[in-house]
Amino acid sequence: NAGVTQTPKFQVLKTGQSMTLQCAQDMNHNSMYWYRQDPGMGLRLIYYSASEGTTDKGEVPNGYNVSRLNKREFSLRLESAAPSQTSVYFCASSVRQGNQETQYFGPGTRLLVL
Amino acid sequence: AQTVTQSQPEMSVQEAETVTLSCTYDTSESDYYLFWYKQPPSRQMILVIRQEAYKQQNATENRFSVNFQKAAKSFSLKISDSQLGDAAMYFCAYRSHNAGNMLTFGGGTRLMVKP
Numbered sequence: 052n053a054g055v056t057q058t059p060k061f062q063v064l065k066t067g068q069s070m071t072l073q074c075a076q077d078m079n080h081n082s083m084y085w086y087r088q089d090p091g092m093g094l095r096l097i098y099y100s101a102s103e104g105t106t107d108k109g110e111v112p113n114g115y116n117v118s119r120l121n122k123r124e125f126s127l128r129l130e131s132a133a134p135s136q137t138s139v140y141f142c143a144s145s146v147r148q149g150n151q152e153t154q155y156f157g158p159g160t161r162l163l164v165l
Numbered sequence: 181a182q183t184v185t186q187s188q189p190e191m192s193v194q195e196a197e198t199v200t201l202s203c204t205y206d207t208s209e210s211d212y213y214l215f216w217y218k219q220p221p222s223r224q225m226i227l228v229i230r231q232e233a234y235k236q237q238n239a240t241e242n243r244f245s246v247n248f249q250k251a252a253k254s255f256s257l258k259i260s261d262s263q264l265g266d267a268a269m270y271f272c273a274y275r276s277h278n279a280g281n282m283l284t285f286g287g288g289t290r291l292m293v294k295p
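If you read the sequences in order, they're chains A and B. Residue numbering for the first sequence follows the working numbering, beginning at 52 and increasing consecutively. Residue numbering for the second sequence follows the working numbering, beginning at 181 and increasing consecutively.
Certain hints may be false.
Unchecked claim - Output of the computed footprint for chain B on chain A, the stretches with three or more beta carbons under 8 Å from beta carbons of chain B: (1) 92-105; (2) 112-118; (3) 131-144.
Claimed, not checked - Incomplete in silico selection of chain B near chain A, CB under 8 Å: (4) Ala196; (5) Arg223; (6) Gln224.
These are calculated hints, taken from the structure and not from any lab test. Note that CB positions come from ideal geometry on N, CA and C, so glycine has one too.
Just need the whole structure built from these sequences, with the hints factored in.
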């Protein structure tokens, strides 16, 4: 049981390049999330998927697209990377148990856009 | 919109001593959840403790406990018998009961543990 996995761990892009960040979870969770973390700030939600086949915008969705490929996988795409998208990206998934819902996070992807 | 504020960018504690990390939040809701997450240098976010707003009793998990003051909108984390492995960034987070599963995070507090 690997939990939440993310690839790659680190990526350098040039402005205007595109790339997809991959996330997978093996815990059979319905909900998945993408966050970004910038220095001095807490994590901010980019997009989330409450269930397979659905996606919704979070707090900072501009410049990103997502795909909930199946229940396990939730990818984040940057179509035209900008230096402002230099950040650490976290994927998470969650499960509801009774009235409690807990999010489990992946190890993060560090992205540098030059 | 809800906001979460952690007013201490950095804290330091001697090994085996007790430290308290502060968190305040702003909301107009009465039903919500609060969390403390730990982020070690590995960057993975690890859930430390959670509190349901409708519960008056403060949550505890081994050496970790919270002081939840609903009227004051305060949610502090107390770490007892601090260990070197407790050194990390700590994030306070809020989740509405009604607005799906979205977490709103504070800016974090870096905890250093001195041997």
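Now for the hints, and whether the structure bears them out:
1. Check on the stretch 92-105 of chain A: 7 of its residues sit with their Cβ under 8 Å from a Cβ of chain B, so the three-residue criterion for coverage holds.
2. Chain B is given as covering the stretch 112-118 of chain A, and this is violated because 0 residues of the stretch bring a CB closer than 8 Å to a CB of that chain, at least three being needed.
3. Residue count for the stretch 131-144 of chain A with a Cβ under 8 Å from a Cβ of chain B: 3. That meets the three needed, and the coverage hint holds.
4. Below 8 Å, beta-carbon pairs count as interface contacts, and Ala196(B) has none with chain A, the closest being about 29 Å; its hint is therefore violated.
5. Taking 8 Å as the C-beta contact cut-off toward chain A, the hint placing Arg223(B) at the interface holds, the least distance being around 4 Å.
6. The closest approach between the C-beta of Gln224(B) and any C-beta of chain A is roughly 5 Å, which is under the 8 Å cut-off, so the hint is satisfied.
The structure does not agree with the numbered hints 2 and 4 stated previously, though it agrees with the rest.
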